[in-house]
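So the chains spell out like this:
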Amino acid sequence: MSNMDQDFRNKLKNYQQTPPDEVWENIEQKLDARKTSGFLFYKIAASIAIISFIASLYFYLNRTSYQYKYGNNQVLTEIIKENKQLNSNKLNYTEVSIADHHPTEEQVDGSVFLHEKEISIENDQLYNLEKIASLMPLSVSIENQNNNSAIVVKKKPQKQSLFAEIFPEFYSKNFTKNNINYTKANKNWMIGGAFAPAYSYRHLTETNAIAGANYYNNIESAVFTYSGGINVQYKPQKRLSVQTGIYYSSMGQDMEHISVYANNIYNLMDEKYRDRYISTYNIVNSAGEINFNSSLVYFDETATARVENLSDTKNKSSYDLSDPVFNKLNANIRQSFEYIEVPLIIRYKIIDKIIDINLIGGLGANFLVGNNVYLMYENSKDVIGKTNGVNDINYSGSLGFGLEYPILNSVNILIEPSIKYYLNPINANSAVESHPYSIGIYTGVSYSF
Amino acid sequence: MDNYIEIIKACIKGDRKAQKQLYQLFADKMFGVCLRYADNVDEAKDILQDGFIKVFLNLKQFNYKGSFEGWVRRIMVNTALEKFRDKSYLFAVNMEQGYESKDSEYDHILSELAVQDLLKLIQELSPQYRMVFNLYAIEGYSHKEICEMLNIKEGTSKSNLSRAREILKEKVKKYYGIKIKSI
Chain A
1 MSNMDQDFRN KLKNYQQTPP DEVWENIEQK LDARKTSGFL FYKIAASIAI
51 ISFIASLYFY LNRTSYQYKY GNNQVLTEII KENKQLNSNK LNYTEVSIAD
101 HHPTEEQVDG SVFLHEKEIS IENDQLYNLE KIASLMPLSV SIENQNNNSA
151 IVVKKKPQKQ SLFAEIFPEF YSKNFTKNNI NYTKANKNWM IGGAFAPAYS
201 YRHLTETNAI AGANYYNNIE SAVFTYSGGI NVQYKPQKRL SVQTGIYYSS
251 MGQDMEHISV YANNIYNLMD EKYRDRYIST YNIVNSAGEI NFNSSLVYFD
301 ETATARVENL SDTKNKSSYD LSDPVFNKLN ANIRQSFEYI EVPLIIRYKI
351 IDKIIDINLI GGLGANFLVG NNVYLMYENS KDVIGKTNGV NDINYSGSLG
401 FGLEYPILNS VNILIEPSIK YYLNPINANS AVESHPYSIG IYTGVSYSF
Chain B
1 MDNYIEIIKA CIKGDRKAQK QLYQLFADKM FGVCLRYADN VDEAKDILQD
51 GFIKVFLNLK QFNYKGSFEG WVRRIMVNTA LEKFRDKSYL FAVNMEQGYE
101 SKDSEYDHIL SELAVQDLLK LIQELSPQYR MVFNLYAIEG YSHKEICEML
151 NIKEGTSKSN LSRAREILKE KVKKYYGIKI KSI
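Top to bottom, those sequences are chains A and B. Mapping the first sequence onto the numbering used here, position 416 (from 1) lands on 416, and the numbers just tick up by one. Mapping the second sequence onto the numbering used here, position 169 (from 1) lands on 169, and the numbers just tick up by one.
A few of these clues could be false.
[To be verified] Partial list, computed: chain A residues near chain B (C-beta under 10 Å):
| hint | residue |
| --- | --- |
| 1 | Met-4 |
| 2 | Gln-6 |
| 3 | Gln-17 |
| 4 | Thr-18 |
| 5 | Trp-24 |
| 6 | Ser-47 |
| 7 | Asn-429 |
Hints are computed from structural coordinates only; laboratory data are not their basis. Think of the CB as a built atom: it goes at the ideal place given N, C-alpha and C, for glycine as much as any other residue.
For reference, chain A alone in the conformation it holds in the complex (with noise of 0.2 Å):
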């Protein structure tokens, strides 16, 4: 040290000055912005349970109510006006119930009349009428018939499958007499599998460490899955399902700028001196620590030391890596998370054509079955250990969209992309909150029963 560092040194190691107070002031705002930030994504999670429950509820309750006016839906109500005034407001119409008459049972054309009971409707409650048909397999229209006009609850033509459409003269040999099916309500149950092949990373939560998310989001990279499970799903009400299952997914992340570096010296010594090149290291990153013993070189490539290297009996980082002895692998570490997940999912189907459209959303509980840290270089993948403190326990929100398209009479397709998002962090011990999330395009089939 010279003597003008040691100046330098006497002068200012110890200088204190007084900062100005709008410091502390910022500060505190900081620390009150992250108090409630940090409930946001369980605010998030209960708003969407809250909404999917009363959903549930609202449709829960409206089918109720049609069941209680109108008894089994496979008694048909049926409408026949007697006047034939048309065009006036006022309508009569007798009210022709069909008690036990079996939809299924009915001509795929036919239509019935039968004379009961003369009531009077008013126009707009004619609408009321055609919903309440709607809500049957049956439409409604206005016929002329044997010189009476005369409103005509007709079978809606069957829903055809795709199947059905492109091949019309063999589905109906060998499908539609055995398999007249008017509404899809009629199945309830439904299982099926999926698998997805998905973008997995995760999500840093408010810079809270030394190194924070800006660095770690630099030096990280996300890793390409996969996910896949069986299902089985109930349906209550016509376009509302629940759904369940066990799900596999693989999530993870790669570590970058650590280079890794093979020691020859390692490989020439005799087999009994092979362990004092061996060295434990210890990796910190966003998801948390890393223990491994390993004859190869670590070495962090970035200012702050990620990597250490605990080994008392080594020359530690002083390695020279430099020198020929070591040979720098095209390596790779990458963290991987394996969980089962078993997942609630509600689905809400907001178009029913031939191919549906689903908005999904739910939570999960997954299971951490598989902890490894690889590194991979050439052609192998080792493992070498693994993210110490990793919760055992994580739950998830998911929210996707999904299509459905029957291909057979009661096997569906589906695509339904979705992201999954860890409420809490992956790791409680860690300094930065790591919150894992993927986002996979699921494909599956399922078959209703």
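For this one, chain A is given, so just place chain B on it according to the hints.
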């Protein structure tokens, strides 16, 4: 140390009064540190602010073993380094070969200078020189530690240091040399 423990524990619970107390205990010292690493007062304020937020958010990780002041100081220095890493210009300095000046005339002048003047001299250095000079000459880190912290070669750290010294001397001569001699 013992008197900090209670405050630290209260801070972890989120007690705002304790947080303010902790801040007041260290603000002056740490602002002194930040000023050395910053270009100017505004930047020093930013570093102090971000550093203290990190201190509060990471208090749980303080293990009560080492010096608490040292821990806080280390966070401030890291925050300053991180700030400069974010700006890419940290490493964009030319690598001139340094030399050790034996001229003691300016050392004498230096000892006469006020703290504020020295601070100003340091702040005027380009960021990487400033970091290296601060870490080596004032904090007392070794070149090996500095090269790890800044992700530069040890040789670079050494040459940066001598270049920083050289510049400081030139500036002392330019700004204060004549004035001090005339006193």
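Tested hints:
1. Met-4: holds (5 Å)
2. Gln-6: Constraint on A/Gln-6 satisfied, holds at 8 Å.
3. Gln-17: holds (5 Å)
4. Thr-18: holds (5 Å)
5. Trp-24: With Cβ-Cβ at 6 Å, under 10 Å, it holds.
6. Ser-47: Interface hint status for A/Ser-47: violated (25 Å vs cutoff 10 Å).
7. Asn-429: holds (9 Å)
In summary, the one numbered hint that this structure violates is 6.
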